[in-house]
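Engineer: In order, the protein sequences belong to chains A and B. This note's numbering runs 491 ahead of the 1-based position in the first sequence. This note's numbering runs 241 ahead of the 1-based position in the second sequence.
It is worth saying that the hints were derived from the structure and are not from the lab. A quick note: this is a predicted structure, and the numbers were derived from the prediction, not measured. Beta carbons: idealized from backbone N, C-alpha and C, even for Gly. Keep in mind that the hints are not guaranteed to be accurate.
Stated by the list, open to error - Derived contacts from chain A toward chain B, CB cut-off under 8 Å, selection only:
#, residue
1, Gly590
2, Pro695
3, Pro698
4, Ile699
5, Glu712
6, Phe713
If you want the building blocks of each chain, they are given just below.
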Amino acid sequence: MVKMVRKALTTNYAVAHAAKDSDVDVIAAYPITPSTPAAEKLAEYVANGELDAEYVHVESEHSAASALVGASAVGARAFTVTASQGLIYMSEVLYIASGLRLPIVLGVASRALSAPLSIWGDMHDIAPLRDAGLIIYFVSSAQEAYDSVIQAFKVAEDPRVHLPAIVDYDGFIMSHVTEPVDVIDREDVLKYIPKKVTWNTLNPKQPISIGTVGDPDYYYEFKYQQQVAMENAVKVAEEADKEFEKMFGRGYGLIEEYRMDDAEVAMIAYGAHAGTARVAVDKAREEGIKVGLIKLRLWRPFPTEHLMKALENVSVVGVLDRAMALGAPRQGPVVKDVISMYASDPSKAPKVASYALAIGQRDVKIEDLVAVAKQLDEFAKGKEIPNKTICIGLRE
Amino acid sequence: MTLPGWKELPEGAVVREPGNTVTISTGEWRVFKPVIIDEKCTRCRLCWIYCPDGTIIEVDDPNAPLGKRYEVDYEHCKGCGICWKECPVNAIEWVPEER
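Just chain B, same shape as in the assembly (with noise of 0.2 Å):
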């Protein structure tokens, strides 16, 4: 791939398209991964809050307790722990990345 030369870069190195960091994957980074135990949540969402990279998805699906599912996008998930760390019925479990 032929990257862009410094005649054809923006300015001042600035990004002219928002949100395109869903484009590159920073899931390689992970050493622990989050596993989501179903049957264990109780939907109270705290995953879903606590996240700072908004990697814990909320599913709709009417088969599923109130409706709702959670789960993790790998895709972008840095592996942080705090998912892990904050649910309050250990719904999550802390599982070693294997590659």
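Isolated chain A (complex conformation) (with noise of 0.2 Å):
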């Protein structure tokens, strides 16, 4: 069996340790709450020889993403943490980074944006990153962000994927909540992601050229290409799960089904809240309600197949959104993702009623997920569902 040490982390310090146990060469980051603890301890870990790594000390999140591109494009294995706004202000890059097919992996502590000023964490952040062409894991403890960075770079780095990774988990609610975490032997973890860079890297003695124009001739066609690599990565992220499992004791899944067996109605829920949706599927089961919990974990690609199948025998399905999508028809990322998975065969859909909750870190009790399982009970016999978002703790 492999060796495991069992340590007292936040979420944090936990994505920082996976880095630094699947042994990155470069770290340019620029401290952000909730990050900032993440960076300085990967600052500490370089400082005190902990790790071998160049830590790029950058002027802004933009530059920290391009120096990973440009670390990344060398054959480096490439790390950073951000958030809120400076996950924003990455964005540019991770689209080039994603074009690029460069496996940079990141750790963001998901924070609200501006306006209003707020430093507290939901989804408002990652939202929008959904079609950059970036691996996302939504996670929710500190074991399962630690084992899904070690899991990003696997996928990432898989010849049939190549794309950056983001591993998602909420501004303080996680990021700064202390949890035990097994962390693996490097060595071990390096069993599991040995260092072969498998993608183009610039090379004096094969020069090629990166970052270069697509014209309307060929700029369609690597789109697609991109298309193809996340299509890849349903199954390649499964694949890894399994292995890592098998080495390690552990696995997730794309999706976690938690007493869906013979539920009439479920709940989708991501990152922390998921546990608290945990426990209220449970009370609300005592209460005689038939609610089952699907835990988002792969949020792009979409395990459409997968939440398909899990959801073949419910009537009705409660998505739990953690960001607004201003204007749109559902104020929630996921929902539209689940509405529009039927989309060729509505006749297979269950009733979709869209939640949004903890905008702003706004609380979110056990008490107010038993009173949407019972809702949603109350759907599935017959009452009918607004044509909108419901706010949970929106004050009126």
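Starting from two chains that each stand alone, build the complex the way the hints lay out.
Structural biologist: Okay, here's the thing in structure tokens:
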């Protein structure tokens, strides 16, 4: 059995630890709340010799991402952490990293976007990146964050994929909360993710140009290649998770089903609130409501087949979204994916109720989600679902 | 001409043949073109140094003063005018393109 050491780590520290154990070569980071402790911890690892990496002190997140593009383009295992405005500022370069097919990995401690200024957690920062060509994991515990960073390198660097990847965790609710985390020896991690450069890199012995122009005769084909890589990533992520489980004894799946076997209604949750939803499901079950939970772990690529199968026997599904999608038919990034899964055959679709919650880290209590379960049950029994998003915890 | 499909194109739009921009004609972009007046030219080489695209060509010519002559690669000169601006002896004229 592989040797593990149990440590008390916040998710920020777990993510930094995972990057260290993945033996990253280059880190370029510009600290931003709530991801700052992860950036600091990585700097500490490099300073005290625990990690042999180049730590680039950049002047902005845009530069951080740009430095990592350069690092990855010469074959380095490249990593950063960021959040909120920093992620949005990076986003221009992240599209480029994806187009250049560079397997950079990022930890994102998700936080609201200004204005009004909010340093608190929600998913407004990650939401707009859904179409950027990045693999996006939502994690729900420090352990899952640690394991997912390592898995993210595995998926990102796979020759069938070659795309950047983000491991997204809740600002504060996870980033600053200490949990027990079993960490793996670097030697064993590197057996799982051996350092092998399979992507196109700059090499004086075999010169290539990176960052070229794609005119109307060519651009489309390159975008389609990214889409194919995304489609491949579903299978690759599943394989990576299974191999991880085989080696280290922990697996998560692309979605995690909880009490779904006989469920008539279901909730879809992601991030830290999946934990709250799990307790709420137990409580609602005690009251006779046949509710189940699906924790969405992989958001991009979207695990469409897995979700459709999990929802096969469900009449109503409530999607608990953590960001507003202003002006859209429904106020959430994930609910739109859930609805569009059924676009070609709506007869297969459960009814979909859209919920917004924890916006700007508005507190969500277990009772709030028990109330959601009860409401879903009422919808299943014929009560009309509002043709808009239901905002939990919003003052009138 | 049939263009390659997505399966045939290299990942990440990399170009595997370095220096292949010489095969792409960018001369059509010009509105004005530089014309070197050889009699005025002192062979100072400033146009050759300043040209951002390497389109001033230094030609060995035993019959020319100092054994050199300067020509413009009109296939690739984009007509930026830097050579014309930098020439200290006004040996480069700036002539409207007529096509």
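Engineer: Against each hint, give a clear statement of whether it holds in the structure.
Structural biologist: Hint-by-hint comparison with the structure:
A distance limit of 8 Å between C-beta atoms decides the matter here; for Gly590 of chain A the minimum to chain B is near 7 Å, and the interface restraint holds. With a cut of 8 Å, the hint placing Pro695 of chain A at the interface with chain B is violated, because the nearest CB-to-CB distance is about 10 Å. Interface restraint check: Pro698 of chain A against chain B, minimum CB-CB distance 4 Å, threshold 8 Å, status holds. Satisfaction of the interface hint for Ile699 of chain A is found here, the shortest Cβ-Cβ separation to chain B being roughly 5 Å, below the 8 Å cut-off.
With its C-beta approaching chain B no nearer than about 4 Å, Glu712 of chain A sits inside the 8 Å limit, and its interface hint holds. At a threshold of 8 Å, the smallest CB-CB gap from Phe713 of chain A to chain B is about 5 Å, leaving the interface hint in force.
Violation of the numbered hints given earlier is confined to hint 2; every other hint is satisfied by the structure.
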